[in-house]
Amino acid sequence: EAGVAQSPRYKIIEKRQSVAFWCNPISGHATLYWYQQILGQGPKLLIQFQNNGVVDDSQLPKDRFSAERLKGVDSTLKIQPAKLEDSAVYLCASSQRIRDTQYFGPGTRLTVL
Amino acid sequence: ELKVEQNPLFLSMQEGKNYTIYCNYSTTSDRLYWYRQDPGKSLESLFVLLSNGAVKQEGRLMASLDTKARLSTLHITAAVHDLSATYFCAVDLSYGGSQGNLIFGKGTKLSVKP
Chain R
95 EAGVAQSPRY KIIEKRQSVA FWCNPISGHA TLYWYQQILG QGPKLLIQFQ
145 NNGVVDDSQL PKDRFSAERL KGVDSTLKIQ PAKLEDSAVY LCASSQRIRD
195 TQYFGPGTRL TVL
Chain A
231 ELKVEQNPLF LSMQEGKNYT IYCNYSTTSD RLYWYRQDPG KSLESLFVLL
281 SNGAVKQEGR LMASLDTKAR LSTLHITAAV HDLSATYFCA VDLSYGGSQG
331 NLIFGKGTKL SVKP
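First to last, the sequence lines map onto chains R and A. Straight run, no breaks: the first sequence in our numbering ends on number 207. Straight run, no breaks: the second sequence in our numbering ends on number 344.
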């Protein structure tokens, strides 16, 4: 069974630029999560989708971050404009149902200069 | 504010020794996960603990959950180099609800030396 796929794996941008990350969850998984992991810390949930609806986006900085999961499968996370403090690894995870074990993708390492 | 505290944050062990990592959390929860992360890699699920008194074992790792004390432990028996990694506990926030939000600890970086 294929795991969670993410791209790109690395991205370097300058502050105030825009960036987008893509995630393809495990086939059949209804729930999709985006996390931000700053160096030396545990992942922090940004947004959770159930199929193509948002379950929780309370920790998403909505003035600059947006996410969508249009057909209930793939998802994109966008940052516009980026700030220096957005430098982190962005992890996508999926689970078969809400409250099931979450499986993580390899992450996208973002560096904002 | 919910807090998930792991200790120690750094652990250097000799091969063959035993040690325990602790995870304390500050709110009611009925579900706790342990994940492993190797440098530059993503998180790998190790255990899910679903009830008070739950104990799970896999190889040299054993995890337990005490929901009344709001404490989980990850015990390492006769450590080997391959166990070197960062270990995270994650508490499911949705007790009584249905969201499945996880709050992660800061992680314990384990280094096993010969």
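Watch out, some of these pointers could steer you wrong.
What the hints assert, rightly or not - Simulated crosslink set (DSS-like; lysine-lysine; CA at most 30 Å straight-line):
#1 Lys339(A) x Lys138(R)
#2 Lys233(A) x Lys156(R)
#3 Lys298(A) x Lys172(R)
#4 Lys138(R) x Lys233(A)
#5 Lys286(A) x Lys233(A)
#6 Lys286(A) x Lys247(A)
#7 Lys138(R) x Lys298(A)
Claimed, not checked - Chain A is faced by these chain R residues, among others (derived, beta-carbon under 10 Å):
#8 Val98
#9 Lys109
#10 Asn145
#11 Asn146
#12 Val149
#13 Ser152
#14 Ser181
#15 Val183
#16 Arg193
#17 Thr195
As the list claims (entries may be wrong) - For each label pair, taking beta carbons as the anchor points, the in silico distance ranges come out as:
#18 Met292(A) x Ser121(R): 29 to 37 Å
#19 Thr307(A) x Ser121(R): 31 to 39 Å
#20 Thr250(A) x Asn146(R): 20 to 28 Å
#21 Lys247(A) x Asn146(R): 48 to 56 Å
#22 Ile192(R) x Asp268(A): 25 to 33 Å
#23 Thr303(A) x Gln190(R): 38 to 46 Å
#24 Leu207(R) x Glu245(A): 39 to 47 Å
#25 Lys271(A) x Lys138(R): 43 to 51 Å
#26 Lys247(A) x Pro102(R): 38 to 46 Å
#27 Thr250(A) x Trp116(R): 16 to 24 Å
#28 Leu232(A) x Glu162(R): 42 to 50 Å
It is worth saying that the hints were derived from the structure and are not from the lab. A virtual CB, placed ideally from N, CA and C, is assigned to each residue, including glycine.
Hint numbers contradicted by this structure:
Hints 3, 9, 10, 11, 14, 20, 23, 25, 27 and 28 contradicted; others consistent.
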